[in-house]
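As a plain string of letters, each chain reads:
Protein chains: 6
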Amino acid sequence: MAKKASKSNVVAETPTKPGGGGQSAPAGSGVPQQNDTRVMALDLPAGTLSPAMQAYFDKCQEKLGFVPNVLLAYAFDNAKLEAFAAFYNDLMLAPSGLSKLEREMIAVVVSAQNRCYYCLTAHGAAVRVYSGDPALGELMAMNYRAAKLTRKQRVMLDFAVKMTVESDAIEEEDREGLRRVGFSDRDIWDIAAVAGFFNMSNRVASATDMRPNAVYHGQGR
Amino acid sequence: MAKKASKSNVVAETPTKPGGGGQSAPAGSGVPQQNDTRVMALDLPAGTLSPAMQAYFDKCQEKLGFVPNVLLAYAFDNAKLEAFAAFYNDLMLAPSGLSKLEREMIAVVVSAQNRCYYCLTAHGAAVRVYSGDPALGELMAMNYRAAKLTRKQRVMLDFAVKMTVESDAIEEEDREGLRRVGFSDRDIWDIAAVAGFFNMSNRVASATDMRPNAVYHGQGR
Amino acid sequence: MAKKASKSNVVAETPTKPGGGGQSAPAGSGVPQQNDTRVMALDLPAGTLSPAMQAYFDKCQEKLGFVPNVLLAYAFDNAKLEAFAAFYNDLMLAPSGLSKLEREMIAVVVSAQNRCYYCLTAHGAAVRVYSGDPALGELMAMNYRAAKLTRKQRVMLDFAVKMTVESDAIEEEDREGLRRVGFSDRDIWDIAAVAGFFNMSNRVASATDMRPNAVYHGQGR
Amino acid sequence: MAKKASKSNVVAETPTKPGGGGQSAPAGSGVPQQNDTRVMALDLPAGTLSPAMQAYFDKCQEKLGFVPNVLLAYAFDNAKLEAFAAFYNDLMLAPSGLSKLEREMIAVVVSAQNRCYYCLTAHGAAVRVYSGDPALGELMAMNYRAAKLTRKQRVMLDFAVKMTVESDAIEEEDREGLRRVGFSDRDIWDIAAVAGFFNMSNRVASATDMRPNAVYHGQGR
Amino acid sequence: MAKKASKSNVVAETPTKPGGGGQSAPAGSGVPQQNDTRVMALDLPAGTLSPAMQAYFDKCQEKLGFVPNVLLAYAFDNAKLEAFAAFYNDLMLAPSGLSKLEREMIAVVVSAQNRCYYCLTAHGAAVRVYSGDPALGELMAMNYRAAKLTRKQRVMLDFAVKMTVESDAIEEEDREGLRRVGFSDRDIWDIAAVAGFFNMSNRVASATDMRPNAVYHGQGR
Amino acid sequence: MAKKASKSNVVAETPTKPGGGGQSAPAGSGVPQQNDTRVMALDLPAGTLSPAMQAYFDKCQEKLGFVPNVLLAYAFDNAKLEAFAAFYNDLMLAPSGLSKLEREMIAVVVSAQNRCYYCLTAHGAAVRVYSGDPALGELMAMNYRAAKLTRKQRVMLDFAVKMTVESDAIEEEDREGLRRVGFSDRDIWDIAAVAGFFNMSNRVASATDMRPNAVYHGQGR
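Protein chains in written order, with my numbering: chain A, 1 to 221; chain B, 1 to 221; chain C, 1 to 221; chain D, 1 to 221; chain E, 1 to 221; chain F, 1 to 221.
Bound-form chain A, shown alone (with noise of 0.2 angstroms):
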């Protein structure tokens, strides 16, 4: 048993830095670097913004910092950016019985069941900052069931599951649910819109292989 008892000098879990040890440094770890230089993986040139679009451009950058790599990929067509940023900025912008905070709360569930690396990165990182929460934005990406929400939350993120997982198997019931807990009928539509507007975009990017900004993954820790 000396084997065992030299394991009790083992601390069984994660190392404190960078490293651990000989075996696994970063230098040698053998793992690629994941810098996502590329927007997407679809070589398409740039178009002509119109000046609407640029200044909406020069927004961000001056805003945020920089410009969302989704609306680089859709810069290849000012028209197609531009019906995409009116539809996305009503949907998670615009007046609703929902707050930004629950917007982005459905955007990260549903982007959760698809799995998409885009959206969970850069929609975990508004949830996260909006609340000022760090632990809701991964419960969100993780298992948002593992997470403490009122009654009312919960009810609208299972709605929003489901929308994802079987809408077909949506009935009156499930809206008689959202209405109990005290969402009205206006309130429905914009779990609805969110929810589906996510299941849209978590294709699109998984489709083209959108990749995150990368200052994100650092917001709100």
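Hint data in this document are derived by calculation from the structure and do not stem from the laboratory. In this text, all values refer to a predicted model and were calculated from it rather than measured experimentally. Take the hints with a grain of salt, since some may be wrong.
The list cannot tell twin chains apart, which means a pair is met if one copy fits it or any two copies do.
To be verified - Below, simulated EDC-like cross-link-like pairs (lysine to aspartate or glutamate); rule was C-alpha separation at most 20 angstroms, straight line:
#, residue 1, residue 2
1, Lys80, Glu171
2, Lys100, Glu173
3, Lys152, Glu173
4, Lys162, Asp185
5, Lys148, Glu173
Got chain A; can you put chains B, C, D, E and F on it based on the hints?
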């Protein structure tokens, strides 16, 4: 064996006219009539249309004879309607390497995966009308794998279905498969955009129980 | 914004007549015509029909105007044809607590789960004709949960679907559910027998690429 | 470490005789005895058998020592019993390019996918008896992929499983795969027919909670 | 109808002795004999056993008549064998609110979900021997929902299955369900630990093609 | 279009600092704070630690600054804790052809399939720290298929995922795939052992609602 002898007087298959016998006459069929009189299950009063949207509805009425219910559903909020219409029209009607019929085929195949009554009805009609081939519409809605298609069309639809059922598993090899049969990167974007869109639209329609205009059922038969 | 202005001249939805524009005219649609001229993908020479089976085929021709392809598929072996026809006719046409329409509804709902082109086409037609309601046939094939049904019919179809997708999870509680809405044990047998049968027939049809008689597409529209 | 030392006196695996210790003696095991005394969960009084069916039951009793419960289940209606028996006997016993053992192997592999207690028990026994190899029966019921099979048998069973879990995805390439290992089109029909049949029979058995005759458990061990 | 008449001389079900006809005699069955002579598919030379492990193997040989193959599989590395044996023996044999039979029932039900040949064979035998009821072992392996169980046992097995197929959906309500039928928190740990363990063991066995000792097949029949 | 003009003043994406507007300020976000103060949902009083285990906990505290909650969870029973720690430390820290980083990558990829909050948090941190690449940790947790990996690493992770989602379908060809990219049979054992272990650990963690130490969230960012 008298029973079996009598059975040989019975024809195995479908009746040739409604009712086919007292047991299941329409009037007494016991199944409620399927009249889709509501636009959707949410009670959202119509908003005020902008002149552009009013003109758009008038044009629909004039050229189609009706306003598609999906537009009526969005009409509770003119900004949302406008954003949706702009996004949709660019997607399905703007110039593309994909024909309008091919975009509608993607729409129906995706909607079949998601079992969306609204979209299967409206876009199944579009496939029948654009192609002039009623069976093609049925095949897209029932099982596209049973249809006769060119290799290129089949690869396109397989990609749309993979986006629908396991978008997280799409990789460069899938995009290469599209390129090998002749799609450009711009075409791939359009395939992804249409398949993505109906993954949104199917879910919003199911979440709100959106009902198709009855006229679609007979179109292109 | 000139582009968008021009777009507001475009009507969002389906064309009203075949072709709808040079881009997707049927002749040049590029999609092969869907003419189901083969009965199935297996090359099995027709066997010699017994007098009883010959009379049966004659009766089909006389009353329906055609012999259903499923019967032609089995005709390579008279014993198999006879066994199939006897089994099928007892199931779908013999006296039962379920109306013929209800049995056809089960057939279509099961076939929709299994995405069987042959059975959806042939039995979708039967639902349309028996009910006199084309939309009912579409709803059974697209998403039966979106149909207006009596509670009893809905419980019946839910049982048929559960049998189709997870028969190993059926328990006494499921049978009790059927009894509570008024089905007798004999009715339950019949529901199980019809749902079971189409789980066989769908699979044999798909495995052999059985093609429906084209005439079904237009029946009951 | 006294605890661990004492543990090394404990043998890790199964006991060699019933009970194996007071804690789990059969009499006090606390698990109800699994005596399958009912034929099924539906209360359907036995009908009057035709002379042919009575003779058939007598023959079963004489040659097998019992009447299989599936036949007793159908006996509430002589016409259904007759149709079932004729269909079944043609399928499993008539001349075919597939041996009876191969047909039983398909039966068990399909029944394992559907987790059907009745069919796994009755047809698992058949595989053991026909093959004289108890382990083969277990492997078909537990995981056919772990069995040693000829390439031809494996392709046959893979086709049966694909029919069971995603019949809508079967295409010409799958049939070609069967032809390449030596199956004729007639053999393919028989494979499809047997796999299809057990997809029916499994579901009817589960829907009615059909119980296997207890004698099957010990056959061919 | 001469054919059918002759068919009534054929008994529908399983043969009573091996071979049952020239067509499928064992010798000529064409199916390879299922002799599990290898321990697993990985070629790992046996390591040197510590005295404790050697004594353990000797004890197995003496009391069981064989060393279970899972132990032989681990024997390439004495430290791994020791860790596995200690973990396993504590789990399955240490005092617990669950009887040894109940722990084995969980083992088999989990292994059935994962279709693990090794574990179904070895632990199916344990259920048969501990309970003295061969049918119970079969039911756990085939479809535990078809077994007669106390309410408490059923809730326990349902929890084990939910852990197996969708562990991320387990919530406080599931634990409350266990408490309501009488399980303590310590019991819940033990249920979780056993169900978790076989989700590991099933996968290691399948990944390495571990083969059960042939003697298990006949135990407890 | 005045509305849209005003919308172009709105930036589409995530806020740059907590709160980002009165509507979703943390204090008033309405989402409960995610403070993981309990170790797990089962109420099991801490047992008496053996001197070896007490020393082990002290070592954790000294080197990591905390005792990982999984160890605290097992601490209700010293024998179980000891067996778990020995098993775990051999698996993840003993010499192996796989680096510690690679073993942690398997841990996270498996935990992502099972959506285990505890393991994704603790082992996601380990991947970030061992690799020195925060994005690598995110990619393993979100969608490993989107990561840049060597061919050998990808094949390893695909095997781990196949073990997780359909272990019964693993065959010699899968092991051959590992050998072809350079893994020895001993390496294959280690891959299988790590992937198997986290399929256990994920499930025990989810079944008991085990919560990660909060410190993990920030490690390696």
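Quick rundown of the hints versus the structure:
no.: 1; hint: Lys80 - Glu171; result: neither (33 angstroms within a copy, 24 angstroms between copies)
no.: 2; hint: Lys100 - Glu173; result: neither (26 angstroms within a copy, 30 angstroms between copies)
no.: 3; hint: Lys152 - Glu173; result: both (16 angstroms within a copy, 17 angstroms between copies)
no.: 4; hint: Lys162 - Asp185; result: within (18 angstroms within a copy, 31 angstroms between copies)
no.: 5; hint: Lys148 - Glu173; result: between (24 angstroms within a copy, 14 angstroms between copies)
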